[in-house]
Structures are given as structure tokens and as C-alpha cells.
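Dock chains B and C against chain A, hints included.
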Amino acid sequence: MKKVLPIFLGILTAIGGFVDMGDLVANAAVGARFGFSLAWVVVVGVVGIVVFAELSGRVAAVSGRAVFDLVRERLGPVAGALNLGASFFINSLTLVAEIAGVAIAVSLVASVNYLFLIPVAAFLVWLVIWRMPFSVLEQVFGLLGLALLVFVVAVVKIGPDWGDVIHQVTHPAVPEEESVWTYCYYAIALFGAAMTPYEVFFFSSGAVEEHWSTKDLAVERANVFVGFPLGGLLSLAIMACAALVLLPAGAEVDALAQVPLPVATAIGKLGLAVALLGIFAATFGAALETALSAGYAIAQYFGWQWGKFVRPRDAARFHLVVLVAIVGAMIVGLAGIDPVKVTEYSIVLSAAALPLTYLPILIVANDPTYMGERTCGRIMNAIATVYLVLLVVVAVATIPLMIVTRAGA
Amino acid sequence: MSATDDPVDRSRSGRTMDLALELLDHQIVDREGRLAGKVDDVELELDLDGSAHVSALLSGPGVLMERMGHRRFGRWRQRMERVLEPDDDWRTRIPLRSVRTIESRVRVNLDAADLASHGTERWVGDHAVGHIPGARHVD
Amino acid sequence: MVLVSVVAVLVLGCVQNPAAPARTADAYLAALDKTVGAATSSVATTRLAAEALVAERATFPYVGETVSGAEDELGSTVATFASIQPPDDGSVDLRADALAVLDAAQEHVSAVRIIVRNGSTDGLDALIDALSADADALAALVPA
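Protein chains in written order, with the working numbering: chain A, 1 to 409; chain B, 1001 to 1139; chain C, 2001 to 2144.
Excised from the complex, chain A in its bound form:
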């Protein structure tokens, strides 16, 4: 019984914490434009993140070290610096998107222009990181994120022709009005949204924050193998809602406001309220994670003391980086750049940089110096290697596709 509760809690937190601004925007936008024809990408992406989260969680639990911590050590300072630079830049873009998402979610309830809410959102994100204990922070926003289950309820309430839906999912085809290149571009965007790199940094640093050891591997596996796929289901539900309500009406998603519209149509005010709560929790939780990841990445490269498991005074540089990252994101957000465009850029560039994040994980997970006897099993290795090849293909294709399709126009 004692073991069951943490596992259960962990799974719920993983489900609720899975979706972020990128997933919200990408899944809804794709559903509204491509229907169900890109649903398979979400499945592929979820399997990918499950594999790599498992590896990085295992590295953290067995070696006591977070993955980014080990990048410089294992790949050298130059490779580490490149990795740091790219990751930090993309992470910062993501943070801008998440904070904007928080502000927009609140603006949809309070009817205030979201720009006024950006400083408020930024301050709250910082305050929660500063004061809330790590495990509480994770659990609260993870559990609140479960509100997004309302999208699943909405799909059921809409009651589509399931035979037709299943057919569309299993027979992906490029819609008539769209070009093959745009289809591929959005496939990559969706993939980048599902396999968010910061998720992996955060997951492994978080494991160290919570002092995971080999005893916690069972919980870790449950979180990853059960929680993440169910979280992926939420992504698909968001896509389905858009495909079933927005697509037939010809409404495309160019603002976060449109994402919960199908829920309002299907369920009503209560559903809308729950959806907005879920969106708030998802973006707020993601903002926390990305801000912390900024700190983790830099501190772990230079070997500074990092983490919330020590007094802030004792990890001063770490907390300064987090603070600067949040302030920077706030300033960029206030410049009024379209948050959906920023989100799109962040997920697409994430996709381009995926090999940078995942290759070190695979290398470290196979290194007996850190893993002792618990190095990666052969099956995991095989799957991870296949994914790595896929990631390289995606990374190489991203920029050209971006240029050819003019960023998905």
C-alpha cells in the first residue's frame, strides 16, 4: 500500500504535466488544418520521449547525476558548450511562449489584455520557484493539469463516427488543399512538441532534486511508461476536438483562445472553465520547468552548485540564472510578438536540436562508469538508436522545410 500511493501520484503528475503551450497550440492547429492525418506523429513522439525519459531518469537514479551535468564530462567542453548554447536558446524561446500562455489563459477569464498579465505571470512563476518545495511544485501543477482530461470528455460528448476517425488515423494522407511539404513541416512541429527537450533535462535534474536512488526506479518507470502515454492521449484529445469542431467550420488556430472553443461547444461553461484551468496549469507548470531548466543547464555546465535541494543562498548563481531567464522572457513577451508564432518557432527549433539533447543521454546510459551494471539493456538500446537516426533525419529536414514552406504558411 505504501508503494502504491507514490506510484499513483507520480503517474497522475506525469499525465497532467505532459502538455505544455507547444502541445496545446500544435495539436489544436494541426487538428484544425489536417484533421486526424497527423495523429500518428503524436504516437511516434510519445514513444520517443518515453524511451529517452526512461534512460535519463535511470541515469539520474543510478549515478546520482543529471544528464546535462554529464554532457561536458563525457563529450568535452566544446561539444558541451554547443549543446548548452543551442539548448539554452531554444529553452528561452519556450519560456517566452509558456509565460505568454499563462497570461493568455488568465486573460480569457479576466478579460484583461494578456500583455498586462505577463509581468504578473513572470513574477508568480519566479515566486513559486523561489518558495515552493520542488516536489510540491511538481505535484500541484501536475495534478491541476489533469483538468485537461475535459478534452477527452468533450470528444466523447461530440460522439464522432469512431469508425471514420479510426480510419483517418490509421490511413494518414496529405489533405487535398495542402502540399506534401507543409504536411511534413507540421509533422516535424508536432514531433518537436511531443519530444520537448527541456522535459528530459527537467526530468533528470528533478530526479536528482528528489534524491532518487535505484530503489525509486520502479516509480520512475511507472511514471514514464504509464504516465507519459496517457499524457499523450491528452494531446490527441486536443487534436480530435479541433478536428471535429474547428476543421468543419474552417476555423484555424492562430490564438490560444481557440483551443478550448470545441470544449465550450460540446460541454458548455463548466467544461470551458475546466479547460481554462487545465491550460493555466499546463502552461504554468511548463514555465516552472523551463525556467528551472535554464538554471540547470548553465549551472551543470560550469559545475556550480545547483538545485532547490539546497538553500537559495548556497546556489546563488543558479537562482540568478533562473531569475534572469524569467525576466528576459518577460521582456521579450512584452514586446508583443505573437505568442503562437513564438511557440511554433520554439517547437520547430526544438525538433532541429533533438539529436543534441538525446545523443548524450544514450551515450551516458551505456557508460558503466556512471551506471555500474545497470547500463541500458539491448532492447532499449536498439529502440533508442532507431530513434536517434530518426531524430537526425528530422533535424536535418527541419530548416529546409521551414524555408520551403515559409514556416508553414
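Hints in this document: simulated from the structure, not taken from any laboratory.
Computed from a predicted model, the values in this text were never measured in an experiment.
Check each hint, because a few of them may be wrong.
[As the list claims (entries may be wrong)] Away from chain A, derived, C-beta distances all over 10 angstroms, residues of chain B:
hint: 1; residue: Arg1071
hint: 2; residue: Asp1111
hint: 3; residue: Val1138
[Unchecked claim] Label pairs and their in silico Cβ distance ranges:
hint: 4; chain 1: C; residue 1: Asp2072; chain 2: B; residue 2: Trp1076; range: 47 to 53 angstroms
hint: 5; chain 1: B; residue 1: His1127; chain 2: C; residue 2: Asp2033; range: 56 to 62 angstroms
hint: 6; chain 1: A; residue 1: Gly76; chain 2: B; residue 2: Gly1050; range: 25 to 31 angstroms
hint: 7; chain 1: B; residue 1: Ala1128; chain 2: A; residue 2: Phe8; range: 38 to 44 angstroms
hint: 8; chain 1: B; residue 1: Ala1113; chain 2: A; residue 2: Val324; range: 19 to 25 angstroms
hint: 9; chain 1: A; residue 1: Phe123; chain 2: B; residue 2: Leu1096; range: 46 to 52 angstroms
hint: 10; chain 1: A; residue 1: Val310; chain 2: B; residue 2: Leu1096; range: 25 to 31 angstroms
hint: 11; chain 1: A; residue 1: Gly336; chain 2: B; residue 2: Leu1021; range: 45 to 51 angstroms
hint: 12; chain 1: A; residue 1: Lys269; chain 2: B; residue 2: Gly1134; range: 37 to 43 angstroms
hint: 13; chain 1: B; residue 1: Trp1076; chain 2: C; residue 2: Asp2033; range: 54 to 60 angstroms
hint: 14; chain 1: A; residue 1: Gly328; chain 2: C; residue 2: Pro2143; range: 35 to 41 angstroms
hint: 15; chain 1: B; residue 1: Gly1134; chain 2: A; residue 2: Ser213; range: 25 to 31 angstroms
hint: 16; chain 1: A; residue 1: Thr170; chain 2: B; residue 2: Leu1021; range: 44 to 50 angstroms
hint: 17; chain 1: B; residue 1: Gly1134; chain 2: A; residue 2: Val324; range: 14 to 20 angstroms
Glycine included, C-beta positions come from ideal geometry on N, C-alpha and C.
Relative to the frame of chain A, chains B and C by itself:
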């Protein structure tokens, strides 16, 4: 790598290691288990028979830059550190005798506060983060 | 460093300049096609949101913000289209027809926004029908 000029006779045996893999860029952990920077560079001494010997670890602002080839910037940074904190006797150089174990982390028999890599930490703590209410609060 | 700058320039270049002049009738038609797509989206969003409000399935703040967003989006879509130079007489006529439809759509969307922001639903039913008609008129501009 920096090396002293005079070869020294050191016939005691030691561990042979692949510096790049096992020592460079590894995390330094202090006496109390606190994280204290990375091994930015290594100081070598040449033995009489021509083999190299690690005599010290180097860690601190500017050292990594110097090793990566940006020597001028690296040395400037090290000078800046001394200028900003002239009274403190912080070590960039950790002699081998202060090193307790070398696994994936390098444990040293010193306090993090004694190391040059701690300089900016102290400064940020004193002048910035330390002033925010709750800085001494444990999770 | 150089490589990164080159890539950055290329990537930024993807941010399409929608007001780029259309030099042929076909190019103008393509621009119109894009415009119709975007405008239909704004009109559809407004209509769905208004329907939800009338059916008491959504709240005033939410619908207000959503429709305002759609209104802004539509405004910028129309302004961009209007600024594209039509390359020939046929395109000039097309432009006039299109702008007539687009202006009507804008009026209806703004009207919805004003009513909703004033906390009422009076007149929304008629506007919802008008918006449906607008969507049809937009579709008629670019025969498939």
C-alpha cells in the same frame, strides 16, 4: 595543458589514466559534498624519464577559456578575478595531495569556499540573491 | 559563427512578407486564396464563439477575448490584402469583389465584439446568420 619546465624525479608509481576521459571536465566535490566547479584544466609535471605526471587540478574563472584556445580572454578573466577579489587567497590550483578520490566526481579535501570557482558564487550571493527574502530558507 | 548567421538569416527570411506584390493574375489569385482562408477562419471562430455564448455554453470574458482576437486577425488580413497591387484589370475587379465581401465580414465581426463586450447577446442571432452568409460569400470568391 600547462607544464613546469624542470623535469623531476618521481619514481613512485601512480595510476595511469586517460586524462580526457577520467579527469578533465569532471565535477569537483568538496569536503562536505558540495558542488565546487569542474576540472577545467590539469597541471602536468615531466618526470626524468619523460613521462608526464599530474601535479595539480586547475579550476576557476578563465581557466577553461584558456584551455579551449582563447588564451588572451582566459588570462584576462583570471586577472580580473584577482583584481576583483585581491584579498582572498583562493585557489585556482588544487594540488594532487588535496584530491581524495577520482571517480566520475573528483572529491577534494578542501572547502568549496577555498576555491577560485566559488568567487562569483560568493559575489552573487552577497550582492544579489542573498538580499531576496527567503534566501536562507531550506526547502 | 558564420554558419549560424547564414542559417538565422534564411530562417528569418521564411517569415513571409504577405504584402509582397503579385506580378501575375495567378499570383494574385493565390494571394486571394490565402486571404480567403484566413478570413474564413476569423469569421468561423467568431461565429462558433457567438453561438456558444447564445447557447450559454461559454462565458462573456472568454467570448469577448476570442472575438477581439479574431477581429484583429481579420483586420490585419484585410489590410494586407488591400495593399497588394493588382497586376491587371481582371485582378482589379476581383479585388473590388473581394473587398466588398471582406468589409461586410469585418463589420459583422466587429458588431459581435461590441455586443459581447457590452455584456449582452441582443442581435447575436442575426449576426450569426450574417457570418454564415459571409463564409459562403468568401468561399464563392475562390471557386475550387
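Checked hints:
Here Arg1071 (chain B) stays apart from chain A, with its beta-carbon at least about 15 angstroms from theirs, past the 10 angstroms limit. At roughly 12 angstroms, the least C-beta separation between Asp1111 (chain B) and chain A is larger than 10 angstroms, which holds for a residue marked as non-interface. Here Val1138 (chain B) does not stay apart from chain A, with its beta-carbon only about 5 angstroms from theirs, under the 10 angstroms limit. At about 50 angstroms, the beta-carbon gap between Asp2072 (chain C) and Trp1076 (chain B) stays in the expected band of 47 to 53 angstroms.
Checking the proposed 56 to 62 angstroms range against His1127 (chain B) and Asp2033 (chain C) shows it holds: the Cβ atoms sit about 59 angstroms from each other. Taking the beta carbon of each, Gly76 (chain A) and Gly1050 (chain B) are about 26 angstroms apart, inside 25 to 31 angstroms as hinted. Taking the beta carbon of each, Ala1128 (chain B) and Phe8 (chain A) are about 41 angstroms apart, inside 38 to 44 angstroms as hinted. About 24 angstroms separates the C-beta atoms of Ala1113 (chain B) and Val324 (chain A), a value consistent with the hinted range of 19 to 25 angstroms.
Separated by about 48 angstroms at the C-beta atoms, Phe123 (chain A) and Leu1096 (chain B) satisfy the suggested range of 46 to 52 angstroms. At roughly 28 angstroms, the beta carbons of Val310 (chain A) and Leu1096 (chain B) sit within the given window of 25 to 31 angstroms. For Gly336 (chain A) paired with Leu1021 (chain B), a C-beta distance near 49 angstroms keeps the hint of 45 to 51 angstroms intact. Remark: the range hint 37 to 43 angstroms for Lys269 (chain A) to Gly1134 (chain B) is upheld by a beta-carbon distance near 39 angstroms.
Our hint of 54 to 60 angstroms for Trp1076 (chain B) and Asp2033 (chain C) holds, since their Cβ atoms are close to 58 angstroms apart. In this structure, Gly328 (chain A) and Pro2143 (chain C) break the distance hint of 35 to 41 angstroms, their C-beta atoms being roughly 49 angstroms apart. Range check, Gly1134 (chain B) to Ser213 (chain A): Cβ separation about 29 angstroms, and the 25 to 31 angstroms hint holds. Take Thr170 (chain A) and Leu1021 (chain B): their Cβ atoms lie about 48 angstroms apart, and the range 44 to 50 angstroms holds.
Evaluation of the 14 to 20 angstroms hint for Gly1134 (chain B) and Val324 (chain A) yields a pass: the beta carbon distance comes to about 18 angstroms.
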